[in-house]
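Peer 1: Sequence:
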Amino acid sequence: MTYYIRAFLLTLIEALCCRNFFEVFLKQDNKRIKWFDKLLLAALVLGFVGISLIFTKSYIWKAILSICLISGIMIAQYRAKFMHIFFLSIAYYGILICIDRIMLVSVETLLGSGTEAILNDPVNITIIALICKTVLFLFIVLLNKAFHSNDSFNLITDREWVRFLFFPFMTIVCMSALAVEEKRGGRAVLVVSFVLVFFNFLVFYIIRDVVSREKEMRETCLSQERIKNQMAMYQYMEGVYGEQRKRTHEFKNHLICLSGLLKAGEYLKAKGYLNKISDNWVEEMDFINTNNMIVNSVINQKFKAAKKKGIPLLLSINDLGNLKMEEEDIVTLVANLLDNAIEACEKITKGNRVIKLRFLDEGGKIIISVRNPVAEQVHLGEKGLFTTKKDKNEHGIGMLNIENVVRKYSGESICSCNDGYFTHSIIINF
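In terms of the numbering used here, the sequence shown opens at residue -15 and continues consecutively.
Please note: incorrect hints may appear among the correct ones.
Straight-line distance between alpha carbons at most 16 Å, and here's what the computed EDC-like set of lysine to aspartate or glutamate pairs gives [to be verified]:
| # | residue 1 | residue 2 |
| --- | --- | --- |
| 1 | 291 | 330 |
| 2 | 129 | 7 |
| 3 | 212 | 311 |
| 4 | 288 | 323 |
| 5 | 340 | 312 |
| 6 | 334 | 360 |
| 7 | 291 | 312 |
| 8 | 288 | 330 |
| 9 | 292 | 330 |
| 10 | 288 | 327 |
| 11 | 46 | 7 |
| 12 | 292 | 311 |
| 13 | 392 | 312 |
| 14 | 11 | 21 |
| 15 | 349 | 396 |
| 16 | 331 | 360 |
| 17 | 291 | 311 |
| 18 | 293 | 303 |
| 19 | 392 | 310 |
| 20 | 293 | 323 |
| 21 | 293 | 330 |
| 22 | 260 | 234 |
| 23 | 292 | 250 |
| 24 | 349 | 303 |
| 25 | 212 | 323 |
| 26 | 291 | 327 |
| 27 | 293 | 327 |
| 28 | 392 | 311 |
| 29 | 212 | 313 |
| 30 | 212 | 312 |
| 31 | 129 | 234 |
| 32 | 65 | 7 |
| 33 | 308 | 346 |
| 34 | 41 | 21 |
| 35 | 392 | 203 |
| 36 | 392 | 323 |
Restraint ranges, calculated between C-beta atoms of paired labels, are given here [stated by the list, open to error]:
| # | residue 1 | residue 2 | range |
| --- | --- | --- | --- |
| 37 | 259 | 293 | 20 to 30 Å |
| 38 | 288 | 52 | 49 to 59 Å |
| 39 | 247 | 302 | 25 to 35 Å |
Hints in this document: simulated from the structure, not taken from any laboratory. As the structure is a computational prediction, the values presented were derived from the model and not from experiment. Idealized CB from N, CA, C, for every residue including glycine.
The whole structure should be built from the sequences, with the hints applied where relevant.
Peer 2: Given below as structure tokens:
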């Protein structure tokens, strides 16, 4: 009975190390019920115990089933692609058996002929196993300091993940081969184990460098997109100011002309002339006034752009004069949301091409929602939505900019696509 208790506790420690290893690189789904995490941990522990009891001598099958078990449990626990989970599962198991082999060979090397007597004592075996798990835990802590719970692993492509799989996979193959042939007590085994652990650790540092490089490139693209939006807004405001000066000058000329017609008694001509210039002014005016100059500029700009393309823009907006968001963040959200909606409507040749924008400031809550028809079903993913746009990077940058602003204010971004309409809603609480 004592043996099974010790085995269960050691397996529990191993399962906790496994979960901590994955937490270094992946982000958990916070919306999941908390008891589900405990259920997954229990399933992992029981799975490890079952595999160890059934496949005591079959190291290869034990490795295969353990990796499959870890992959299955972690897919349910973390929001990540299967390739990411599979790579980390192989890497963890490879590191685990390497550390176990290093400790075992170290004990045999230090104790020499007295090794067999010590290993026959269950207490000594438990102590050695605890040392192995402690070393494994310290290794994970070291990885955690190097990566700081990096959530940027999605920047690595599946092809790159396949390449990185080589070293963890070869680690498991080599260690399983050594276990099958029962080559114990040799310095060569110890050296091979250390070299394999070193190369696995090196792989993680290579991944970190790749992620850092991709992250810098993505941040550069995001900055360029933000600058592009700001420049578009400033150019629009400059154009509005120029148009205002032009209208002021023209207004004087129109007044002189009207005055001349009235003095000459040409009342009908004066009326017609007045109606004509009034229509032109109404068409060129900025209709939307939210009591916020930045919001006015962005929405009026997108309103006119949509109108030129024959796309009506319906608005539901209240007084936005007391918005607590930074100007560049307002531009990022509204400009990208409306750009995506206008682009989606351009792909529709028949039907109701209408965009609905809802922008409300309800005291401590800001609600921004854009609803537009789509030509085809939009498939939602982990980070937002997948695009059918030719320039997928451009669309992805816009979506990432939106998500970055939402995350900055600890808000919530909700995407849905039902009955041919796509809706993107953002809720930010202050």
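Peer 1: Each of the hints needs a verdict: does it hold here or not?
Peer 2: Hint check:
1. 291 with 330: 12 Å, holds
2. 129 with 7: 12 Å, holds
3. 212 with 311: 14 Å, holds
4. 288 with 323: 12 Å, holds
5. 340 with 312: 22 Å, violated
6. 334 with 360: 13 Å, holds
7. 291 with 312: 25 Å, violated
8. 288 with 330: With Cα atoms ~15 Å apart, residue 288 and residue 330 stay inside 16 Å; holds.
9. 292 with 330: Roughly 11 Å separates the two Cα atoms, so the pair holds.
10. 288 with 327: OK: residue 288 and residue 327 at ~14 Å, within 16 Å.
11. 46 with 7: Not OK: residue 46 and residue 7 at ~24 Å, beyond 16 Å, violated.
12. 292 with 311: Between residue 292 and residue 311 the Cα gap is close to 26 Å, so the pair fails against 16 Å, i.e. violated.
13. 392 with 312: 12 Å, holds
14. 11 with 21: Since the Cα atoms of residue 11 and residue 21 sit roughly 13 Å apart, the hinted pair holds (cutoff 16 Å).
15. 349 with 396: Holds. Residue 349 to residue 396 sits at ~11 Å (cutoff 16 Å).
16. 331 with 360: Distance of about 9 Å is within 16 Å: holds.
17. 291 with 311: At roughly 25 Å apart (the allowed maximum being 16 Å), residue 311 and residue 291 break the hint.
18. 293 with 303: 28 Å, violated
19. 392 with 310: 11 Å, holds
20. 293 with 323: With Cα atoms ~12 Å apart, residue 293 and residue 323 stay inside 16 Å; holds.
21. 293 with 330: Answer holds: residue 293 to residue 330 is near 8 Å, not above 16 Å.
22. 260 with 234: 14 Å, holds
23. 292 with 250: Violated, at roughly 36 Å.
24. 349 with 303: 13 Å, holds
25. 212 with 323: Distance ~13 Å between residue 212 and residue 323 Cα, so the pair holds.
26. 291 with 327: Distance ~13 Å between residue 291 and residue 327 Cα, so the pair holds.
27. 293 with 327: 10 Å, holds
28. 392 with 311: It holds: about 14 Å lies between the C-alpha atoms, which stays within 16 Å.
29. 212 with 313: 13 Å, holds
30. 212 with 312: This hinted pair holds, its Cα atoms lying about 11 Å apart.
31. 129 with 234: 67 Å, violated
32. 65 with 7: 15 Å, holds
33. 308 with 346: With Cα atoms ~12 Å apart, residue 308 and residue 346 stay inside 16 Å; holds.
34. 41 with 21: 31 Å, violated
35. 392 with 203: 15 Å, holds
36. 392 with 323: 21 Å, violated
37. 259 with 293: 20 to 30 Å: Given range 20 to 30 Å: holds, Cβ gap about 28 Å.
38. 288 with 52: 49 to 59 Å: 57 Å, holds
39. 247 with 302: 25 to 35 Å: Given about 47 Å between the Cβ atoms, the range is violated.
Checked against the numbered hints listed earlier, the structure breaks hints 5, 7, 11, 12, 17, 18, 23, 31, 34, 36 and 39; every other hint is satisfied.
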